[in-house]
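Just so you know, the protein sequences line up as chains A and B, in that order. Start counting the first sequence at 18; every next residue gets the next number (my numbering). Start counting the second sequence at -16; every next residue gets the next number (my numbering).
Calculated directly from the structure, the hints in this document are not laboratory data. None of the values given here were measured: they were computed from a predicted structure. Quick reminder that beta carbons are idealized off the backbone N, C-alpha and C, glycines included. Watch out, some of these pointers could steer you wrong.
[Stated by the list, open to error] Pairs of lysine to aspartate or glutamate, EDC-like flavour, derived with a Cα cap of 20 Å:
1) B:Lys33 x A:Glu153
2) B:Lys33 x A:Asp286
3) A:Lys326 x A:Asp116
4) A:Lys326 x B:Asp40
5) A:Lys326 x B:Glu67
6) A:Lys144 x B:Glu126
7) B:Lys277 x A:Asp65
8) A:Lys109 x B:Glu233
9) A:Lys326 x B:Asp49
10) A:Lys326 x B:Glu233
11) B:Lys135 x A:Asp286
12) B:Lys135 x A:Glu98
13) A:Lys109 x B:Asp168
14) A:Lys326 x B:Asp237
15) A:Lys144 x B:Asp168
[Stated by the list, open to error] Computed, partial: chain B to chain A, Cβ under 7 Å:
16) Arg36
17) Ile100
18) Thr101
19) Ile164
[Stated by the list, open to error] Covered, in the sense of this in silico footprint (three residues per stretch, anywhere, with C-beta under 8 Å from a C-beta of chain A), are these stretches of chain B:
20) 129 to 136
21) 147 to 156
22) 204 to 212
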Amino acid sequence: MRSYRNYLVVAAALVCLLPAAVCAQFTAVKRTINAPPTPSGTTPRTPDGHPDLTGVWNGLGDNLNGVPNQMANDGISVDSENSSHDIATGTKIATFQRDATRGLNNEQAERAASLLRRVGSNRPVYKPQYWQTVKEFDQNANEEDPSNNCMPAGIPRGAIPSYIGQMPNYFIFVYPGQGGLIATQTMYRMIPMDGRKHTPLEDLDGTYTGEAIGHWEGDTLVVDTWGFNSSTWFDQVGGYFHSENMHVIERFHRDGNTLTWTATVEDPDVLLEPWTTTPRVALLNPKPDAMLPESLPCSERDLTHTVTKEHH
Amino acid sequence: MSKKIRIVQISMIVAAAFVFHNASAQNAGKPGSGAETKIAAAGDTTDRAKALRAAADALGMIRWSDIGAGATRLPGIDVVNTMEIFASGTVSNGGQSSTADYHVALAYIPPSMRVEITRKGGDAASQHTIQTVRENYAWNESEIGAGLIPGKGTATPAMPAAKARLLQLWILPYGVVKAAIAAGDKTKVSAENGGTVITFPLSGSLAGITVTATLDSKSLVTKVETRPDNPALANLATETEYSDYADHGEVLTDIKSPGHIVEKQAGKTMLDLQVKMIDANNPYLVFPVPPNVKSASTSASTGGAGENQASAR
Chain A
18 MRSYRNYLVV
28 AAALVCLLPA
38 AVCAQFTAVK
48 RTINAPPTPS
58 GTTPRTPDGH
68 PDLTGVWNGL
78 GDNLNGVPNQ
88 MANDGISVDS
98 ENSSHDIATG
108 TKIATFQRDA
118 TRGLNNEQAE
128 RAASLLRRVG
138 SNRPVYKPQY
148 WQTVKEFDQN
158 ANEEDPSNNC
168 MPAGIPRGAI
178 PSYIGQMPNY
188 FIFVYPGQGG
198 LIATQTMYRM
208 IPMDGRKHTP
218 LEDLDGTYTG
228 EAIGHWEGDT
238 LVVDTWGFNS
248 STWFDQVGGY
258 FHSENMHVIE
268 RFHRDGNTLT
278 WTATVEDPDV
288 LLEPWTTTPR
298 VALLNPKPDA
308 MLPESLPCSE
318 RDLTHTVTKE
328 HH
Chain B
-16 MSKKIRIVQI
-6 SMIVAAAFVF
4 HNASAQNAGK
14 PGSGAETKIA
24 AAGDTTDRAK
34 ALRAAADALG
44 MIRWSDIGAG
54 ATRLPGIDVV
64 NTMEIFASGT
74 VSNGGQSSTA
84 DYHVALAYIP
94 PSMRVEITRK
104 GGDAASQHTI
114 QTVRENYAWN
124 ESEIGAGLIP
134 GKGTATPAMP
144 AAKARLLQLW
154 ILPYGVVKAA
164 IAAGDKTKVS
174 AENGGTVITF
184 PLSGSLAGIT
194 VTATLDSKSL
204 VTKVETRPDN
214 PALANLATET
224 EYSDYADHGE
234 VLTDIKSPGH
244 IVEKQAGKTM
254 LDLQVKMIDA
264 NNPYLVFPVP
274 PNVKSASTSA
284 STGGAGENQA
294 SAR
């Protein structure tokens, strides 16, 4: 019996002495790039022939909001260990191995994140009288961002909803609230697809998510929204404020297990020209029983502990 | 030995093995781990790559982040894109020198620069000038953002000045590192007097200009010389010295900038500036080309000596 126990001890230890890579498979998959995921599988369709966008779209399990994703949102694609580029212009960006001898303390990590999220060139062009305002908003975003302290992120900042429900005549989009820095409350949108027209802008009371109406252009879902209040910014980084005359056109295109989203922002009150976001790509949660967990009660607890004055 | 003690023994061995190997796995890519040191050493196989990496590091241009990354571990990238420089000193123009405040807003993607000079003394017309360039478009602004909205200032095309203005972007220390990396194997590196000399050709609209940069023992760019092949472009022959490096940011970014800049052309000092402050945190800076400037030029917009920066490992 003692011998049997000793075998057990040795066997158990050997299991744990497998190469680290094998053990690592039980933890999260390591990514070394932030390039969009490659689509795979077929695109399911509804009985009326349109792509079926229904599902939980939560990226790679990191809710699309980590710095690597934010860098991609800002327009920087890290394509490999030695290659990166600015998506809007195609400009190559020098890429370097991480310095093995240099760890980052909290302050350095926040500063690095802040810089990395602002390298991309795809910036909305405001009218000159607002250039200084935008710069100062961004530089003081931890204080100035109207979505701080559990207010809605708004549209198009909400970007890709974590859940899409597709009905014959309407869509349901769900955007879970975020905890941590820039804590925002849960948002939902109900988007009619029945061919109705927009309410005249002057008859609408501005809201955080506006009046959205959807239609199909080929296999692309187009969501046209206006009727906003001016209490949101239209991206997470940048201090990009807008007026109540903002008009947003979002495009959703499913390709297999990926969903690509872009938004074009028109705001002739403050922008010199319309601005289109860098395309964002989310992965479908493949689990057939995938669920969105309940959002925790929103409570802003991080702002007083941050080192930077801008979002990082 | 009791059964209970034996179970505790087994549990401890299993736990210890798990801890050991999880730690090994997690440390495989972390700073200080031997594995990553080997990878880094293997990657830096050329003097050129080492010198350019060292120069970028000395300026604080390379960053990576783990914040919010989950299991993602990206390599470092060059984070310098937009920047503002606030300086004052002596500015020479048309043979006359004057003291002035000197404010630069710049971007490397796309290559753009706006230089606002406020002179002390002199006639009113020459006291305040704004000279802007974006790729191959150059213009003068009567106020920041002039010519973009009807009734808001005047933008005057200044296309012949485009190359000289672009050159100012690429002879800054950050521009030197970017352009040298972009030049790839055309960049030559040599050791001289305890420092490093980097020589490379510019490209795009600045093709035909060779840059020679001297780095000190800390790999900081201390001197930059430009030499055009074409004698007709003698105004693009410059010699600039940089010194007193520090983090001059109001917001400290660890991006180092020179505190003293002296630029000469044909031996004559054109700029002698003391840097007061730098915003290197990629501030919101845009350089839209006014419609009348666009229509005044039919030249293609290619503009940048180092717009494509290859990998430096």
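Tested hints:
no.: 1; hint: B:Lys33 x A:Glu153; verdict: violated (37 Å)
no.: 2; hint: B:Lys33 x A:Asp286; verdict: violated (50 Å)
no.: 3; hint: A:Lys326 x A:Asp116; verdict: violated (26 Å)
no.: 4; hint: A:Lys326 x B:Asp40; verdict: violated (25 Å)
no.: 5; hint: A:Lys326 x B:Glu67; verdict: holds (18 Å)
no.: 6; hint: A:Lys144 x B:Glu126; verdict: holds (13 Å)
no.: 7; hint: B:Lys277 x A:Asp65; verdict: violated (48 Å)
no.: 8; hint: A:Lys109 x B:Glu233; verdict: violated (29 Å)
no.: 9; hint: A:Lys326 x B:Asp49; verdict: holds (19 Å)
no.: 10; hint: A:Lys326 x B:Glu233; verdict: holds (12 Å)
no.: 11; hint: B:Lys135 x A:Asp286; verdict: holds (15 Å)
no.: 12; hint: B:Lys135 x A:Glu98; verdict: violated (46 Å)
no.: 13; hint: A:Lys109 x B:Asp168; verdict: holds (16 Å)
no.: 14; hint: A:Lys326 x B:Asp237; verdict: holds (16 Å)
no.: 15; hint: A:Lys144 x B:Asp168; verdict: violated (42 Å)
no.: 16; hint: Arg36; verdict: holds (6 Å)
no.: 17; hint: Ile100; verdict: violated (19 Å)
no.: 18; hint: Thr101; verdict: violated (17 Å)
no.: 19; hint: Ile164; verdict: holds (5 Å)
no.: 20; hint: 129 to 136; verdict: holds (count 4)
no.: 21; hint: 147 to 156; verdict: violated (count 0)
no.: 22; hint: 204 to 212; verdict: violated (count 0)
Comparing the model with each numbered hint stated earlier shows that hints 1, 2, 3, 4, 7, 8, 12, 15, 17, 18, 21, 22 do not hold.
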